[in-house]
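Mind docking chain B on chain A? Use the hints.
From first to last, the protein sequence lines are chains A and B.
Counting from 1 along the first sequence, just add 18 to a position and that's the residue number in my numbering.
Counting from 1 along the second sequence, just add 18 to a position and that's the residue number in my numbering.
Any given hint could be a false lead.
Given that identical chains are not distinguished, each listed pair holds provided it fits within a single copy or across any two copies.
Simulated crosslink set (DSS-like; lysine-lysine; CA at most 25 Å straight-line) [as the list claims (entries may be wrong)]:
# : residue 1 : residue 2
1 : K171      : K210
2 : K337      : K103
3 : K210      : K48
4 : K45       : K30
5 : K171      : K100
6 : K320      : K103
7 : K201      : K140
In case anyone wonders, no lab produced these hints; they're calculated from the structure.
Okay, here's what each chain looks like letter by letter:
Protein chains: 2
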Amino acid sequence: MNTPDEILQLLKKYNKAVEGEIDVFLKKGKAQKKGGASDMYGMMRYFMGFTDETFTGPKVYGGKRFRSALCLLIADLYGAEKGKKVALKGAASLELFHNFSLIHDDIVDKDPLRRGRPTVWKLWGADYAINTGDAQLILSQQKALEACEVDAKRGVEMSRFLLEKYLEVIEGQHLDFSLTALKIEDPRVNEKSHYEMIGKKTAVLIGAAAVTAGIAAGKSREERDMLWKFGYSLGMAYQLNDDIVSIWGAPEMTGKISFNDLREKKKTLPIIHAFVKLSEKEKKEFGDIYDKEASLDEEDLKKILAYLESTGAHNYARKQVLAYLKRAETAISNLSVSKEGKERLSNLSKLLLVEVKK
Amino acid sequence: MNTPDEILQLLKKYNKAVEGEIDVFLKKGKAQKKGGASDMYGMMRYFMGFTDETFTGPKVYGGKRFRSALCLLIADLYGAEKGKKVALKGAASLELFHNFSLIHDDIVDKDPLRRGRPTVWKLWGADYAINTGDAQLILSQQKALEACEVDAKRGVEMSRFLLEKYLEVIEGQHLDFSLTALKIEDPRVNEKSHYEMIGKKTAVLIGAAAVTAGIAAGKSREERDMLWKFGYSLGMAYQLNDDIVSIWGAPEMTGKISFNDLREKKKTLPIIHAFVKLSEKEKKEFGDIYDKEASLDEEDLKKILAYLESTGAHNYARKQVLAYLKRAETAISNLSVSKEGKERLSNLSKLLLVEVKK
Numbered sequence: 019m020n021t022p023d024e025i026l027q028l029l030k031k032y033n034k035a036v037e038g039e040i041d042v043f044l045k046k047g048k049a050q051k052k053g054g055a056s057d058m059y060g061m062m063r064y065f066m067g068f069t070d071e072t073f074t075g076p077k078v079y080g081g082k083r084f085r086s087a088l089c090l091l092i093a094d095l096y097g098a099e100k101g102k103k104v105a106l107k108g109a110a111s112l113e114l115f116h117n118f119s120l121i122h123d124d125i126v127d128k129d130p131l132r133r134g135r136p137t138v139w140k141l142w143g144a145d146y147a148i149n150t151g152d153a154q155l156i157l158s159q160q161k162a163l164e165a166c167e168v169d170a171k172r173g174v175e176m177s178r179f180l181l182e183k184y185l186e187v188i189e190g191q192h193l194d195f196s197l198t199a200l201k202i203e204d205p206r207v208n209e210k211s212h213y214e215m216i217g218k219k220t221a222v223l224i225g226a227a228a229v230t231a232g233i234a235a236g237k238s239r240e241e242r243d244m245l246w247k248f249g250y251s252l253g254m255a256y257q258l259n260d261d262i263v264s265i266w267g268a269p270e271m272t273g274k275i276s277f278n279d280l281r282e283k284k285k286t287l288p289i290i291h292a293f294v295k296l297s298e299k300e301k302k303e304f305g306d307i308y309d310k311e312a313s314l315d316e317e318d319l320k321k322i323l324a325y326l327e328s329t330g331a332h333n334y335a336r337k338q339v340l341a342y343l344k345r346a347e348t349a350i351s352n353l354s355v356s357k358e359g360k361e362r363l364s365n366l367s368k369l370l371l372v373e374v375k376k
Numbered sequence: 019m020n021t022p023d024e025i026l027q028l029l030k031k032y033n034k035a036v037e038g039e040i041d042v043f044l045k046k047g048k049a050q051k052k053g054g055a056s057d058m059y060g061m062m063r064y065f066m067g068f069t070d071e072t073f074t075g076p077k078v079y080g081g082k083r084f085r086s087a088l089c090l091l092i093a094d095l096y097g098a099e100k101g102k103k104v105a106l107k108g109a110a111s112l113e114l115f116h117n118f119s120l121i122h123d124d125i126v127d128k129d130p131l132r133r134g135r136p137t138v139w140k141l142w143g144a145d146y147a148i149n150t151g152d153a154q155l156i157l158s159q160q161k162a163l164e165a166c167e168v169d170a171k172r173g174v175e176m177s178r179f180l181l182e183k184y185l186e187v188i189e190g191q192h193l194d195f196s197l198t199a200l201k202i203e204d205p206r207v208n209e210k211s212h213y214e215m216i217g218k219k220t221a222v223l224i225g226a227a228a229v230t231a232g233i234a235a236g237k238s239r240e241e242r243d244m245l246w247k248f249g250y251s252l253g254m255a256y257q258l259n260d261d262i263v264s265i266w267g268a269p270e271m272t273g274k275i276s277f278n279d280l281r282e283k284k285k286t287l288p289i290i291h292a293f294v295k296l297s298e299k300e301k302k303e304f305g306d307i308y309d310k311e312a313s314l315d316e317e318d319l320k321k322i323l324a325y326l327e328s329t330g331a332h333n334y335a336r337k338q339v340l341a342y343l344k345r346a347e348t349a350i351s352n353l354s355v356s357k358e359g360k361e362r363l364s365n366l367s368k369l370l371l372v373e374v375k376k
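Looking at chain A on its own, in the form it has when it is part of the complex (with noise of 0.2 Å):
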């Protein structure tokens, strides 16, 4: 049960348990529906992957589901029917705000498109957008409460829990925000404050999917301490080597221009390495480079690829993204499941690592 195929069919059948979860709740839905003006909840349908724009269509590519998933096989690996229950209606409710907050983002960032179909603010408008991400988020919320009535106590305290975590994954994209808006010699700008920001806005919720699952199955505070651990390790490693593949990634493997992320001025780990690593006349000509308003030109391009190759810049990354996998296999290796659930977990792990943005 942990060759590759296997993890890819595990990884099937949790997103149709979830997606299943959602799409009946969204469906429930009738904002407005007189004569098919607009549709509030066809908008979240299509976003999902359960619908296209004309909310006719059928399902598409939605996304890998990770965050449910992950929450689900842990919920599977601890057996009980309750906790599996329990652990439905938190995993559905991460789809959802992760969803939800794409589509805000997504409006910030002014991404046309997302999973290669046209965004909800590109499409209706930002208003829409604004409206219907809002929507979703409430819906997630509920689906959280919903788990009350498998179990009063559990159901609280997970939708309390998630509610902490959701609260600063939003922190997390207001501290990216602040942070983008300064300058590469601001001291502001450093390794600390870039952990914690990609902390708050990436791997925060991956640790919450992860916790979730234990809350859910009624667990210990130190089994739930290790599969925050885990999923909070496994999140930074997946942002950190995002960073990584977005500034070396080859195009048809990104989806995105070569050195995407250099281009648009990023201040990712890299980057913030090698500027610290120079000297402060080199220093100098990167912050001309970096902090100017238009984007890079090739010139540019070459100069800081050069400095990023001389101060080691890659290979600290690579370092730093090994280092949080290492954490994350300790973890695994602690919590109270079987030998082969250990094995199916690290492998359903994998699956986030290879994912790139599209």
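Quick look at chain B alone, frame taken from chain A:
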């Protein structure tokens, strides 16, 4: 305890209670304080009226906080200590939610001012305003769930009830966008769809404020239904009255230019009513004016006002306000509170009707 002055004192008391609850809560947040680059919780505190845009100034006017005051007054009338404690969490949640919805509304409507101060998007940009609103929406759920610490069962019931109503408010905004995009002669623009829209957008949250007190106090289904009838009817009367004032109210009263809603070609009840009453020929002329891209000039304005006059639109809308007020009064008379309590509720309600958009 029921003179106008005493009622204002009462409002002040409830405002103080709910502001304490919310401000302490917001002060706990620390998304990004490093060097003060920006401050998400500061933006919320600014918008709520707890500080100025430097996040250091004193309290300013932050709205009447009618919804929370209504909830707290009813909880007071029911008297039970536990009910009052649960209601305070619900009241704070309602106020956080209402203000979240205004932060996002201001982006959509491009409003530069709210309560005489620059809006969040105007000061910090739409990106921060979307983000800050999202965080405040999550905080409003957290606040409701805090009631579980007082009484788990009522806390869950109240949270689920509020989420359901919050979702309806978002649906109401969606309906508002959809209806605004249609031409005046579109059959989907009618009294029924207009009532549905303002019901969801405005009346639902005032109904929810009243029912929240009933849930907090553990009241019967019948009592809660009566609270809903009261709050919802009051909310409808408020919105319909507001629409009348926005057409015929004196500029010094509304804080807007005269006939503001007509110039903006809003399709409120007086307009919908007038259009229905017109002959086919008149409908054509009305539509030509009201559906064109440009805003109305003085000549257009005169024609529309003449149509409103000839169809008795002012009087018709006024009648609807009075009918809803009567319903609200009937519901009050059926509540299980003292005669003096009913009077107080009725007097507090009147504060809403004289409120005019600023």
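Okay, the hints, checked on the actual structure:
1. K171 / K210: neither (37 Å within a copy, 42 Å between copies)
2. K337 / K103: neither (39 Å within a copy, 52 Å between copies)
3. K210 / K48: between (46 Å within a copy, 16 Å between copies)
4. K45 / K30: within (22 Å within a copy, 44 Å between copies)
5. K171 / K100: both (12 Å within a copy, 20 Å between copies)
6. K320 / K103: neither (54 Å within a copy, 64 Å between copies)
7. K201 / K140: Only across copies: K201 and K140 sit 23 Å apart there, 30 Å inside one copy, limit 25 Å.
Checked against the numbered hints above, the structure breaks hints 1, 2, 6 and satisfies the rest.
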